[in-house]
Amino acid sequence: MIPSTFSYQRAGSVEEALSLASEHGDDAKFLAGGHSLLPLMKLRLAAPEVIIDLGGLHDLSYVDDKGSYVAIGALTRHHDVEHSEVLAREVPLLAHAAGQVGDPQIRHRGTIGGSIAHADPASDLPAVLLTLDATIVARGPGGSREIPIGEFFQGLFETALEPDELLTEIRVPKPASASAWSFQKFTQRAIDWAIVGCAVQDGRVALVNMGGTPLRATATEAALAGGASPADAAAHAAEGTNAADDIRATKAYREHLARVLVSRALTEASSRS
Amino acid sequence: MSILGTRVIRTEDPRLLTAGGVYVDDLRTPELNGAAHVTFVRSPVAHARITGIDASEALAEPGVIAVLTVADMDDLAPPPPSSGEWDGSPAPLGGPWAEPLLAIDTVRFVGEPVAVVITDSGYQGEDAADLVTVDYEPLPVVLEPTAAVSDEILLFPAADTNVCVAQAASADDTPFDACDVVVERDFVNQRVACLPMEGRAAAASFENGRLTVWVSSQNAQVSRFILAGALGMAPEQLRVVVPDVGGGFGGKIGIDRDTITLAWAARKTGRALRWAETRSENLVAMTQGRSQLQHIRIGGSRDGRILAYRIDVIQDIGAYPRIGGLLPFLTCLMAPGVYDIPDVQAGFRQAVTNMTPIAAYRGAGRPEATAAIERAVDLFAAEIGMDPAEVRRRNFIAPDKFPFQTKTGAMYDTGRYEEALDKALAAAGYDQLREEQRRRRASGDPRQLGIGLSSYVEITAPDPDAGETAKIEVTDEGSATVYTGSSAHGQGHHTAWAMLVQDELGIPMDRITVIHGDTDLIPVGVGTYGSRSLQLGGSAVHKATVEVKDEARRHAAEMLEAAEADVVLDTSAGLWQVRGDPDTALSWAQVAGHTSGGSLIADVSFVQDRPTFPFGTHVSVVEVDTETGQTKMVRHVAVDDAGIVMNPVLTEGQRHGGIAQGAAQALLEEVLYDADGNPLTSTLADYAAISAPDLPSFELADSETPTDLNPLGVKGIGEAGTIGATPAIQNAVIDAVAHLGVRHIDMPTTPQRVWTAINEAQKASHQ
Amino acid sequence: MKVDLTVNGTNITADVEDRMLLVHFLRDVANLTATNVGCDTTSCGACTVLLDGESVKSCTVLAAQASGHEVTTLEGLATNGEMHPVQRAFHTEHGLQCGFCTPGMVMAIVSLLKESPHPTEEQVRNGLEGNLCRCTGYHNIVRAALAAAEAPAEVSA
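Protein chains in written order, with this note's numbering: chain X, 336 to 608; chain Y, 1205 to 1971; chain W, 15 to 171.
Bear in mind the hints are in silico, worked out from the structure with no lab data behind them.
The beta-carbon is built from N, C-alpha and C at its ideal position, and this holds for glycine as well.
Some clues are possibly wrong.
Dumping the calculated DSBU-like pairs for lysine-lysine here, alpha-carbon to alpha-carbon at most 30 Å [stated by the list, open to error]:
| hint | chain 1 | residue 1 | chain 2 | residue 2 |
| --- | --- | --- | --- | --- |
| 1 | X | K586 | Y | K1836 |
| 2 | W | K16 | X | K364 |
| 3 | Y | K1967 | X | K586 |
| 4 | X | K401 | X | K509 |
| 5 | Y | K1836 | Y | K1747 |
| 6 | W | K128 | Y | K1836 |
Short derived list, chain X residues pointing at chain Y, Cβ under 8 Å [said to hold, decoys possible]:
| hint | residue |
| --- | --- |
| 7 | F341 |
| 8 | Y343 |
| 9 | R345 |
| 10 | V349 |
| 11 | S479 |
| 12 | I482 |
| 13 | S512 |
| 14 | A525 |
| 15 | I526 |
| 16 | I582 |
| 17 | A584 |
| 18 | V595 |
Calculated from the model, a selection of chain X residues having no Cβ within reach of chain W, i.e. all distances over 10 Å [to be verified]:
| hint | residue |
| --- | --- |
| 19 | S339 |
| 20 | P439 |
| 21 | H443 |
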């Protein structure tokens, strides 16, 4: 119910956050919205000795139109991503998906950077950013670097971030046709994690919870590029995936859902364009 | 005009809405100042011998006061011997099935308490409990009830069998031989969690030889009785206080081993103690509900008459049979439901398994009965190709046959089953729904409509001779206090009892206080479960008001120097006067002031001859996405007839809550274990508790068929909604895909189950 | 460590463990016990309070994170003894039975209505996806939210 003991440090700036991370190394974890990390700590599935609270880094909360792309600060709360006018206009897929994360209380606290860095393949935003071909900006002791989203998710809860790096910004290229999107999240109840989900934009299709990382449905994308109809392309949706068996669904059922959801998403996206 | 039957919003609410309720964990009473915290160390394995407990690391931690195990319980006498055979009571079987307070040498379910850690703070308790090392030698695990009844692996070697209670049904097949059509099927009525929003919680303080226990319970007096026996104390040495309770649903009837252990530990250590379980503990260590395997046979003629019905139940009771064989007994008692079936056979075997103990949960045995017969009736209807509403109509117990003795031994008091069905069908627009269903089937719409029915009857106040108590005191200030043996945990008794007093005595509700749940103030009482409170507790309040009124009339007559027959009470004004002479009016304050003690008191108990039987029909309308198996509840129409409605606001609330829990079982909830007996649904992230977006608003239709068994004409509404809703929704989901060849889907009808059923039916049809 | 919160308009400074959850700070340090703990996986919403005016689950916020910020609990909702429209609506619509989920439910709805002053039933139900109730079946809670939305404009929390 409650975390084991830790030392709380509040960072006043990105530099201070990085310096604390360097100082404490593996003993420390960053705390953004806290709605990925704290639940784990409360069940004692994670027990960092030091928590570096980023909550005071207000200058990392923004959604800026940068012309060819939208720049989103890592500490932008899901609620603000959901209600961003810039995103409503330029990348409605992302605004919509942010509104599907958890529940309203969670969305008031959870951040896009925290969610991405946590890299749970069952969460919604990693797959959406994969569809959108986003770029992750990370700051470390050596400076900033850009990580293409395709290289960012490396395994279950594993990303390309180094332990002493902080995810600071997400850059989302504006889609060719903003309105040609769809997000299908299949759950038993509204608050549940997706049993399977998919996001579609610009002929790119990404899957939620069909493997240890969010996955692009490359066989479907190839079929589409080859002129296949949404239904025919969707038939390939489970290829190359590695869905789990758990209490919510078997692998076979997940594969079936992937095909159904991708078909619906492709149809919806093209009806919107 | 009587206030009874009118919509009265609750007197309980202003406090709850502004300051919040005071639940056990909120108590800041002086006796608990500086109370230490209790944290339980629980077994992480389903079946094992305990070979060692090492608390040394824990004891070295800051704030740790003690770590106690069963070895420290040397101040408790062993429980009295029992034959271990079921005597029909809702009490633990004892004997070879005895459940200890803390595990002795064997643990039998994940979550079984093994040790108690006492610390200054709750946070320290969690840390210290993690450091208590218990060595376990695993034993083979029994989870499937069919495996349990085979007795290959025994949970209680001293008992020689896992089948702790059994009631055989007849072995005679001839009633079915006479039937044109016989359908036979297995059903699973799955294990669900009780899940009150407030888990179990207790606190205790031992001072001057007296033990005070605060507990989240549905009955303080029963709890005191249990504590007295377990701790070897006289009842006078014990006080049990039940503060606000955050939901019970049957899981908080009396008190369980963890609370007794806490009370014992408070006496043992001399420290005041407090405890509130976490949700993870609650989902493995609070009793759970249902968990039956049912084998049914239903037979009849092609014209729709049901001639024979048989149900064989295997009840999984979990690791310890805490309420004897009560649940499957009630299932068998209520097996035939609302139908006049000439031959009914019902029997059960109850077996222990290495899972959380099962006990009462909203409906307690009756939802299981209704789910079985209502599925059976639909299967029969499908077999003969008749509309399920029509089959029901042709088999109801006729309205002129009441009181009706069923073949299983229940005596139904009053009922108008066909009328309830008609009302529900009309409210639902049944014919239009079937038309819409036909349209969608014809067009091959991937989203199909399902319409499900459930006609039910259920037994309330199943222990009517236990009765209920009420004491009323009217003071010389003109206010009244009601002391009730009932024990509300959300039902609104305080409002309802105050309405009864205002109605009979003319004392306004805002001058009436209702008190429950403190054995110092109410030493005798029975409590709230089995939907008994309005009929028994309310009738007791009514009886007390009549006695107060009689006593008051005597005093008023003396004061007015009139004959008693000439003295009347104007209830609209709360004034006693000589008939026709308002100038003689006396207030309640004045009359009470005339007594030697300064107040008018009546202290009564009310018993009822027999249980009552509310009934109704529910119609569920669902939409099933046949491509994914996903179900959406579109509408839910309910007729629940529990006799006279005292306060529609309260009755509606009970019906709504009941329907939601019924829907939860039909569609979503299930307690799951892996093959080693490890719980897979021990947090609310995994256990699919029903939420607001999963439900529609409900459509309730009214029906009042009074009972003659109590002066209020009321039956119990608390569990009826759950009993009626579950089968209607399950039937609706199956109905939605029946045209694809699906005949049955077990609950919960998850998307994957529905999709699998569709696939299997389609495969079968291609063979 | 030292934390400094404003709770229902009153400043509270206390020395607490770094790991203290906001819900426990409110219950045990500020002595405001209306906010309840109903689960340990951020699922049930019984602990919902307002943090700087927005609904959050206080079991998943550290007191340390809330230091320097404003918290509103159920006890702080009424103004000058007058119930907030949401509290009043819960009373008139019978939106509570045992009352345990109610403080969190009320605060969630206060926040919902601030962001969405005239929600549809569907929006109310979706907005309550993070708040579990076992007693009411949600029917009257939804009615209370809709009734409060129609009430005359009041001072917001």
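Verification of the supplied hints:
no., hint, result
1, X/K586 to Y/K1836, "holds (23 Å)"
2, W/K16 to X/K364, "holds (21 Å)"
3, Y/K1967 to X/K586, "holds (20 Å)"
4, X/K401 to X/K509, "holds (9 Å)"
5, Y/K1836 to Y/K1747, "violated (47 Å)"
6, W/K128 to Y/K1836, "holds (29 Å)"
7, F341, "violated (12 Å)"
8, Y343, "violated (15 Å)"
9, R345, "violated (21 Å)"
10, V349, "violated (32 Å)"
11, S479, "violated (36 Å)"
12, I482, "violated (30 Å)"
13, S512, "violated (27 Å)"
14, A525, "holds (4 Å)"
15, I526, "holds (6 Å)"
16, I582, "holds (5 Å)"
17, A584, "holds (6 Å)"
18, V595, "holds (5 Å)"
19, S339, "violated (7 Å)"
20, P439, "violated (6 Å)"
21, H443, "violated (4 Å)"
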